[in-house]
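Quick one: dock chain against chain with the hints and give me the complex.
Top to bottom, those sequences are chains A and B. With the first letter of the first sequence counted as 1, position 22 gets the number 32 in the numbering used here; the numbers rise by one all the way through. With the first letter of the second sequence counted as 1, position 36 gets the number 1439 in the numbering used here; the numbers rise by one all the way through.
Please keep in mind that the hints were generated in silico from the structure rather than gathered at the bench. Please read all numbers here as calculations on a predicted model, not as lab measurements. Note that CB positions come from ideal geometry on N, CA and C, so glycine has one too. Don't take every hint at face value.
[Said to hold, decoys possible] Simulated restraints, written as ranges between beta carbons of each label pair:
no., chain 1, residue 1, chain 2, residue 2, range
1, A, D209, B, P1457, 48 to 54 Å
2, A, D29, B, R1417, 34 to 40 Å
3, B, R1473, A, A341, 40 to 46 Å
4, B, P1454, A, E127, 35 to 41 Å
5, B, P1457, A, V329, 52 to 58 Å
6, A, R204, B, A1476, 41 to 47 Å
7, B, R1417, A, S109, 47 to 53 Å
8, B, R1473, A, T200, 44 to 50 Å
9, B, R1473, A, L80, 39 to 45 Å
[Claimed, not checked] A short list of chain B residues far from chain A (calculated; beta carbon distances all over 12 Å):
no., residue
10, A1436
11, A1447
12, N1450
13, R1451
14, T1452
15, G1453
16, N1455
17, A1458
18, G1459
Given next are the chains, with one letter for each unit.
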Amino acid sequence: MRTNANDPVDAVLAVGLKDLWYPMCPSSFVAERPVSLRRLGRKFVLWREASGVLHALEDHCPHRGAPLSLGIALGDRIACGYHGVQVRADGVVMSVPGSPGCKLEGAKATRSYHVREAAGAIFLYNSSVDITDPPPLNLPTELTDDVHSHFLCYTEWKGDYRYVLDNVMDPMHGTFLHKQSHSMAEGDSTAAFRVRETDTGFVFEKEGQRGVNFDWTEWADTGLHWMRLEIPYPKTGGPGGNFIIIGSYTPISENVSAVFHWRCRKVDGWQRDTWRFLYQNRLEARHWAVLEQDRAILEMMEPDANQREMLYQHDMGIVRLRRHLRNLAKAQLEAGAEKAA
Amino acid sequence: MMQELYLNPHQARRRQPTAYEDLLGDSIERAYAAGVHDLAGLVAHLNRTGPNCPAGGVWTEDSYRAEIARLAAEC
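The shape of chain B in the complex, shown without the other chains (with noise of 0.2 Å):
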């Protein structure tokens, strides 16, 4: 018998995203898309148009460096 193959999608993250990863995937994409490839255009961007930096409403290079580095190892 053969056994069932492995065909696994998911293979990279360690848990499903909150609401908010999908949102700050959405916003940093967004800044992407528009061709803000730069650490201040994207702050900027995501202060203008959310979702919060959860660490205190404002996001500066400093606490997005953080927080973009736990979501990066927790995720």
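The following block holds chain A by itself, in its conformation from the complex (with noise of 0.2 Å):
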């Protein structure tokens, strides 16, 4: 996505909106060793304690600027490879070797974010400043409850994330696009979209079709944001109701993205076991087959389509969506110069 250079929103969104939870890798991506991650602008170095403690810090040694994912983590720390400079967890560096006692020891000089684990992934508190307690990391019930079963699908795609956004917010490509998949042959090609306010956010939903083929995306804030939507099974799913995608997006650079959506279905039992087993013997490469015809179209893209559109009805979504995510930037801008003044 072309991001306008004198559009101030513009360059807000590109990067990611601050003081909102994001998704940033798979659990399994962090160990003991510390790994680098660039995400929302920066880059981050995270890493695990032996009890698996999680902690984040800026890739930047405050001393010359190294990336501290370079070198060692001790613990709640991490010892630069470039000086040994030790930087801990909240960002306070505890040692200079090479000059012990100077006024860097001590002193709050890196940037350090909250971390937490859920539903097999890694999310960070994208805070604007350093902050001591975060808002609380608020899920969809789908992963947090216990009638639910998901497995979480993460893919790196080229391109904007504000394309896949608006992908998920296009629920009539699934008629088109993925019409010959195996869970999108049904519905009608034309519709007509409505908007329903939701507590955390709105429903894009056709209108007198519901459970035929994906028609609705919901958007929501809960201090992270997410998107849902089902798609019916066909008979060969088995019983547990509709196929429910959860999806999230990270800026990972100006056109890379982080991609997550987590499979979710209402199942508990045989049933539960069932579509488990199924989903890892082969649903999951069906579901594959699906997503990457999406990646194909959004990363073929070129990255200022969004400035050569001429939109429709069934964007209304988009449109929708756009808007909202440029006020929240706007928003974001005129509390920063509040600050500032």
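Here it is, written out as structure tokens:
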């Protein structure tokens, strides 16, 4: 997506809104050895203590800016590989071996970030300033209750994360792009849509068609931006109702996105185990093929495709979501300006 | 330099499926496709079409529950 350099609102959105939780990577990506992740307009270093406790700092040594991720994790701190400067997980420099007693020691000199693990992923609070206590991470019920079962599918796509948001806020592409897929062969190819408000966002849905194809998308803001949709399984999917997808998307860099989809189903007992077995044995590959159809289109879109669009009624959800995000970005800029004044 | 992007089509399963697991998956899907969505019907379908229950020939509701729980956790 072409970001207009002269538009500060666009610049805010390009790197992701601040003061929100974002999924960073699957839990399995981070062990005791520090890992560098480029996300949200900067680089983070993540590592675990032997007990499993997770930490995140900006991947930037306060001394000369070397990546801390190339250093050595020592429990709750990292010793920079360049000059041995030790930075604790709260960003305080604990030791400068080359110059003991220098004023860098004891200074809070590196940005530190709060992280949480849930639903197989690591989430980071993208705070605008260092804070002691982040707000709670509120995930949709499908990822937290016992009556749903889920699998995380994580992918990295070329293209701006806002094109991924647009794609999910566009149920009608299911009828065309995914027509030959295992679960989206049904449904009318024309439809009227409407927007319905919810407590946490809005639903963009087809009028008079539900439970047939990809018929609606929900946008929600619970301190984390996420989307929800349902796709009816064919009879081969067995008992358990619709296939539910929770999506959340994080910018990696200008034209790369971290794409998180949790595939969920309301199942328990033998139905749950059978769905999980079939998912591992075969359904995951089929869902993957559908997701690849999206990736093929999105990655081939020109970065400035959004500058030359002719939208119609089916794109009302996209228009609504873009406006909503721009308003949030404007509010963020205004709050920043007030603080600076 | 851009790191290679993460694109792994198999993130849920722990290993390649065995021939038996593939046959079982085929059989369950055929039962489901025929509208058999209850456990008694599924067990009867497996006993009619196979594969055999690895624990001892004939599927029962209990042996199916135990076997599918094992497979869901191990596959």
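Practice prompt. Provide an ascending list of the numbers of those earlier hints which the structure does not satisfy.
Written response: As far as the earlier hints go, 3, 10 are violated by this structure, in ascending order.
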